[in-house]
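Colleague: Sequence:
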Amino acid sequence: MNFSFGDRPQNDDFIRKFDSKIATLDFIQITLRQNLLKVIELENVLKKSFYSLLVKTGDYICLKTLNL
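Taking our numbering, the leading residue of the sequence shown gets 1, the next gets one more, and so forth.
Source of the hints: derived by calculation from the structure; they are not laboratory data.
Quantities reported herein were computed from a predicted structural model and do not represent experimental measurements.
All residues carry an ideal CB built from backbone N, CA and C; glycine is no exception.
Warning: the hint list may mix true and false statements.
Derived SDA-like pairs: lysine to any residue, alpha-carbon spacing no greater than 25 Å straight-line [stated by the list, open to error]:
#, residue 1, residue 2
1, K38, K17
2, K56, L42
3, K21, T31
4, K38, K48
Restraint-style ranges between C-beta atoms, simulated for each label pair [to be verified]:
#, residue 1, residue 2, range
5, D13, N35, 26 to 34 Å
6, T57, F18, 54 to 62 Å
7, R33, N11, 40 to 48 Å
8, S52, R16, 34 to 42 Å
9, D26, F50, 42 to 50 Å
10, T31, G58, 38 to 46 Å
11, S20, G58, 36 to 44 Å
Please model the entire structure based on the sequences and the hints provided.
Modeller: Written out as structure tokens, the structure is:
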């Protein structure tokens, strides 16, 4: 098969497989974004917990060093 620039293959099976791969990549992208948001949320919780622990123990030198 020879295609010129801009031609699209007329093979429906090829198009279906291509569309399926795009849908799979979209799903993966959405999943990765959701996981990234969870990681950011967990990071914020850990920072707050760590800060709280340092305040409770009175480790202000460590707080100042970490810029918390």
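Colleague: Evaluate each hint against the coordinates.
Modeller: To see whether the hints hold, each was checked on the structure:
1. K38 <-> K17: violated (32 Å)
2. K56 <-> L42: Holds, at about 21 Å.
3. K21 <-> T31: The given pair, whose Cα atoms are some 15 Å apart, holds under the 25 Å limit.
4. K38 <-> K48: Given that 25 Å is the threshold and the Cα spacing comes to 15 Å, the pair holds.
5. D13 <-> N35: 26 to 34 Å: holds (33 Å)
6. T57 <-> F18: 54 to 62 Å: Cβ of T57 to Cβ of F18: about 58 Å, so the range 54 to 62 Å holds.
7. R33 <-> N11: 40 to 48 Å: violated (33 Å)
8. S52 <-> R16: 34 to 42 Å: violated (54 Å)
9. D26 <-> F50: 42 to 50 Å: For D26 and F50 the Cβ distance comes to about 36 Å; the hint is violated.
10. T31 <-> G58: 38 to 46 Å: holds (42 Å)
11. S20 <-> G58: 36 to 44 Å: With Cβ atoms ~59 Å apart, the hint is violated.
In the structure shown, a violation is registered for the earlier hints numbered 1, 7, 8, 9, 11, in ascending order.
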